[in-house]
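Peer 1: Required output: the full structure, derived from the provided sequences and hints.
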Amino acid sequence: MRTALGLIGYPLSHSLSPQWFQEKFDREGLSEWTYSLMPLTDISQLPAMLKDHPDLKGFNVTIPYKQEILPYLDSISPQAERIGAVNTVLITDEAQLVGYNTDAPAFEESLRRFLGAARIEQALVLGNGGASRAVQDVLRCLEIPFCVVSRSSGPHTILYEGLYEAGLEAYQLIINTTPLGMSPLIDDCPPIPYGGLQPGHFLCDLIYSPEETLFLELGRMAGSQTLNGLEMLYLQAEKSWQIWTRK
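Numbering that gives the first Met the number 0 puts the first residue of the sequence shown at 0, with every later residue one more than the last.
Just so you know, not all the hints are guaranteed correct.
[To be verified] If you anchor each label on the Cβ, the simulated ranges turn out as follows: (1) 95 x 210: 36 to 46 angstroms; (2) 94 x 219: 14 to 24 angstroms; (3) 17 x 70: 24 to 34 angstroms; (4) 95 x 241: 16 to 26 angstroms; (5) 2 x 41: 45 to 55 angstroms; (6) 18 x 46: 21 to 31 angstroms; (7) 121 x 0: 44 to 54 angstroms; (8) 199 x 24: 39 to 49 angstroms; (9) 156 x 0: 45 to 55 angstroms; (10) 242 x 112: 15 to 25 angstroms; (11) 165 x 244: 38 to 48 angstroms; (12) 195 x 95: 44 to 54 angstroms; (13) 92 x 146: 43 to 53 angstroms; (14) 26 x 150: 37 to 47 angstroms.
Hint data in this document are derived by calculation from the structure and do not stem from the laboratory. Here the structure is a predicted model, which means the values were calculated and not measured. Glycine residues also receive a C-beta, built at the ideal position from the N, C-alpha and C atoms.
Peer 2: Okay, structure coming up:
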């Protein structure tokens, strides 16, 4: 019996999730499982998509719907509720949609390996969307103080132009959660004062395609430590799989 999984979001051409899951299915002899891209130009198309795929057991959610999907869910996990964003949805036997966030535990695991024994006094989180909320939750759990940088003002938020006045010296860890630099727009990068980067900085980008974004390239050229989002992608995919297949 065919069992379907998938990914919703827009655009999706950059995604490596189908490749990762297909390799997993092949390794484990799961010929009846499939994982497909399901691009939605608007989240309002979700009910029709679900109707067209009655064999769908669950799906991942990516930009720009990690927050917009919340009203369509029947319930969410405590962690996803705390974060305010969902990237994994389980469809129960009763056709209930249950939301989870596997971004946060995946990011935490990847970040711990990246930082090692480094002492981080303060971090910058670039962007304030669904992925940013997961990152912020992890930083709180790790007790790393942080500031959010956005194009629009808000509580505990710095505008990008404000960074050029304050500089980057106080922030040892800088995390890009925006899509700036994601393929095919590889010439984009968050507008921060890159001239202030030093070897003591740690730059983390949630983007994995391209492998090295302009954000990370500029950091590497300044001598900073850099990490892309590929490990996080694989970790969250495995955690999603565990949710979909647990009994």
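Peer 1: Going through the earlier hints one by one, which of them does the structure break, listed in rising order?
Peer 2: 2 and 5
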